[in-house]
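Read top to bottom, the protein sequences are chains P and D.
For reference, each letter of the first sequence is one residue, going 0 to 305 in numbering that gives the first Met the number 0.
For reference, each letter of the second sequence is one residue, going 0 to 305 in numbering that gives the first Met the number 0.
The hints are simulated quantities; they were obtained by calculation from the structure and are not laboratory data.
Because identical chains share one entry, a pair is satisfied inside a single copy or across any pair of copies.
Computed cross-link-like contacts, DSSO-like style, restricted to lysine-lysine with a CA-CA straight-line distance of at most 27 Å:
| id | residue 1 | residue 2 |
| --- | --- | --- |
| 1 | K98 | K109 |
| 2 | K242 | K109 |
| 3 | K109 | K241 |
| 4 | K52 | K2 |
| 5 | K55 | K98 |
| 6 | K204 | K219 |
| 7 | K246 | K109 |
| 8 | K265 | K219 |
| 9 | K265 | K132 |
| 10 | K98 | K114 |
| 11 | K52 | K277 |
One letter stands for each residue in the lines below.
2 protein chains.
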Amino acid sequence: MSKTFSITILGSNSALPTSERYPTAQVLNVSERFFLIDCGEGTQIQLRRNRIKFSKINHIFISHLHGDHCFGLIGLISTMGLLGRIVDLHIHCHPDLEKILVPQLDYFCKDMPFKVIFDCFDWKKQDMIYEDKNMEVYTIPLVHRVPTVGFLFKEKVAERKVRKEFVFKYQPSIKEIIAIKHGEPYYTKDGELILNEDITIEPPKPLAYAFCTDTRPAKKAIDQIKDVDLLYHESTFLKEDKKLAHKTYHSTAEQAANIAKEANVKQLMIGHYSTRYKDLSLFLEEAKTVFENTVLGREGVVVTLA
Amino acid sequence: MSKTFSITILGSNSALPTSERYPTAQVLNVSERFFLIDCGEGTQIQLRRNRIKFSKINHIFISHLHGDHCFGLIGLISTMGLLGRIVDLHIHCHPDLEKILVPQLDYFCKDMPFKVIFDCFDWKKQDMIYEDKNMEVYTIPLVHRVPTVGFLFKEKVAERKVRKEFVFKYQPSIKEIIAIKHGEPYYTKDGELILNEDITIEPPKPLAYAFCTDTRPAKKAIDQIKDVDLLYHESTFLKEDKKLAHKTYHSTAEQAANIAKEANVKQLMIGHYSTRYKDLSLFLEEAKTVFENTVLGREGVVVTLA
Numbered sequence: 000m001s002k003t004f005s006i007t008i009l010g011s012n013s014a015l016p017t018s019e020r021y022p023t024a025q026v027l028n029v030s031e032r033f034f035l036i037d038c039g040e041g042t043q044i045q046l047r048r049n050r051i052k053f054s055k056i057n058h059i060f061i062s063h064l065h066g067d068h069c070f071g072l073i074g075l076i077s078t079m080g081l082l083g084r085i086v087d088l089h090i091h092c093h094p095d096l097e098k099i100l101v102p103q104l105d106y107f108c109k110d111m112p113f114k115v116i117f118d119c120f121d122w123k124k125q126d127m128i129y130e131d132k133n134m135e136v137y138t139i140p141l142v143h144r145v146p147t148v149g150f151l152f153k154e155k156v157a158e159r160k161v162r163k164e165f166v167f168k169y170q171p172s173i174k175e176i177i178a179i180k181h182g183e184p185y186y187t188k189d190g191e192l193i194l195n196e197d198i199t200i201e202p203p204k205p206l207a208y209a210f211c212t213d214t215r216p217a218k219k220a221i222d223q224i225k226d227v228d229l230l231y232h233e234s235t236f237l238k239e240d241k242k243l244a245h246k247t248y249h250s251t252a253e254q255a256a257n258i259a260k261e262a263n264v265k266q267l268m269i270g271h272y273s274t275r276y277k278d279l280s281l282f283l284e285e286a287k288t289v290f291e292n293t294v295l296g297r298e299g300v301v302v303t304l305a
Numbered sequence: 000m001s002k003t004f005s006i007t008i009l010g011s012n013s014a015l016p017t018s019e020r021y022p023t024a025q026v027l028n029v030s031e032r033f034f035l036i037d038c039g040e041g042t043q044i045q046l047r048r049n050r051i052k053f054s055k056i057n058h059i060f061i062s063h064l065h066g067d068h069c070f071g072l073i074g075l076i077s078t079m080g081l082l083g084r085i086v087d088l089h090i091h092c093h094p095d096l097e098k099i100l101v102p103q104l105d106y107f108c109k110d111m112p113f114k115v116i117f118d119c120f121d122w123k124k125q126d127m128i129y130e131d132k133n134m135e136v137y138t139i140p141l142v143h144r145v146p147t148v149g150f151l152f153k154e155k156v157a158e159r160k161v162r163k164e165f166v167f168k169y170q171p172s173i174k175e176i177i178a179i180k181h182g183e184p185y186y187t188k189d190g191e192l193i194l195n196e197d198i199t200i201e202p203p204k205p206l207a208y209a210f211c212t213d214t215r216p217a218k219k220a221i222d223q224i225k226d227v228d229l230l231y232h233e234s235t236f237l238k239e240d241k242k243l244a245h246k247t248y249h250s251t252a253e254q255a256a257n258i259a260k261e262a263n264v265k266q267l268m269i270g271h272y273s274t275r276y277k278d279l280s281l282f283l284e285e286a287k288t289v290f291e292n293t294v295l296g297r298e299g300v301v302v303t304l305a
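Bound-form chain P, shown alone (with noise of 0.2 Å):
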């Protein structure tokens, strides 16, 4: 199967729901295992609208306790339940999201057929929250009025491939194929060396991706998303509004452009913005004066790695 690696936006927008902007929500697609990001109410609309199955998301990631990053878990959940799901769904959150809705799912979805397992985390620290074959998820603590984190989702570095070519001509043993895989050479059975550059092909480069809200301008993560292909950080004012931005603990677009350029991250998305603005093309006109490769996150928007 070839390789995926995508970001779909299912809500851009802050606290507010407008009729066409949603509460923050992304689906992270690694070669069709789906990772949710926030879950703002309407989400499960969202993902029906993006014709994404539920049945493929696992684990869901929430970056803090505030109403529009999470009012749409019950209905999620719950919907879930209704189709039947066997499959355990891994929620990544604070401890308080426990307390709040096992009560919810107790009294509204009392026979599911799966488990809601809460995987809670220390929203101080850079934790490795989460591994399998090919990834890694790690919190990076943000500065916002309650605690808040964002998430790396970053890709492990794939064994190399083995030439078909080679394997055919050889017949090297499973252990040797092994090695090779991890880089090392081949002697033949006349003891003659082959260099493993040329009997393997260079896997693709891992690949890695940042998700940065609510928070003041992320400097305190800039060593940790350094160099990352995407990172989205949140825009929530336009630069005009730096000062109440500062108050509510949100950044503006100038400022989530210079955490991309100081980070030297390949390309930037934007979003979480405010119902003030109607005009969001003044998000992305205000990013790029600062940061040109700036994509500006909307409702269906899919930013595509690989």
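Take the given structure of chain P and dock chain D to it, following the hints.
Showing chain D alone in chain P's frame:
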């Protein structure tokens, strides 16, 4: 101000929302006082789409505690708080809702400038649960898997209007005018009798709207909903799935229409369609074979009675 009496459908679907159909929510507009009936996920977005001001809603009526009828409450209330609402909000509901919602309000909406007041009702009784100058609202006990009521919204009989010419000519006292408004005749200073009907105008006929969801055919409600101007009756299924309707305590379009006929209502609106059906015109067709004056409830549909 001229009188208004209209129903706007915000959500027409049953349990599982689709990309176009929202879970149950409706707004009754009685001369610019808005009563919200049920509040599925996404109701606040649908209110915005239909340009209904949140500040005009002071009373919310919740039929029962299945998620598709109440998961939108926390988001709506939270937004009302962010918009600076100061007027109390009343929720008319089963007592369990208070137990579930209060911990969420305490966590997410700590410093709201208004109070949420839970006016809990006994779902087994046909009680008057709300009254103002112009209107009364009654519970309609229904038959569903959990405690469920419908709601009967009944305008009061308005006072008769006294003709201006009469007031100008005879200059009656305030006390006499009040008596005339209540239907009394008038005696001139010369002792001449003037019939009430000659000096007053008949007020507009009081209107009544009955909302019945979710339920098996609401037979036991027929006395209560007799002759209403508009009956909303759920029709989750088509008659081909009658057994499933019975098993899940729902109704078919044909059954809804039979109730409308038996209760001699003027107009029927159907809704709460199961996600399994794509072509909703089949519901309308089925209902119309029994009860011609039927409207298909869909998002954005407005039925105006005055």
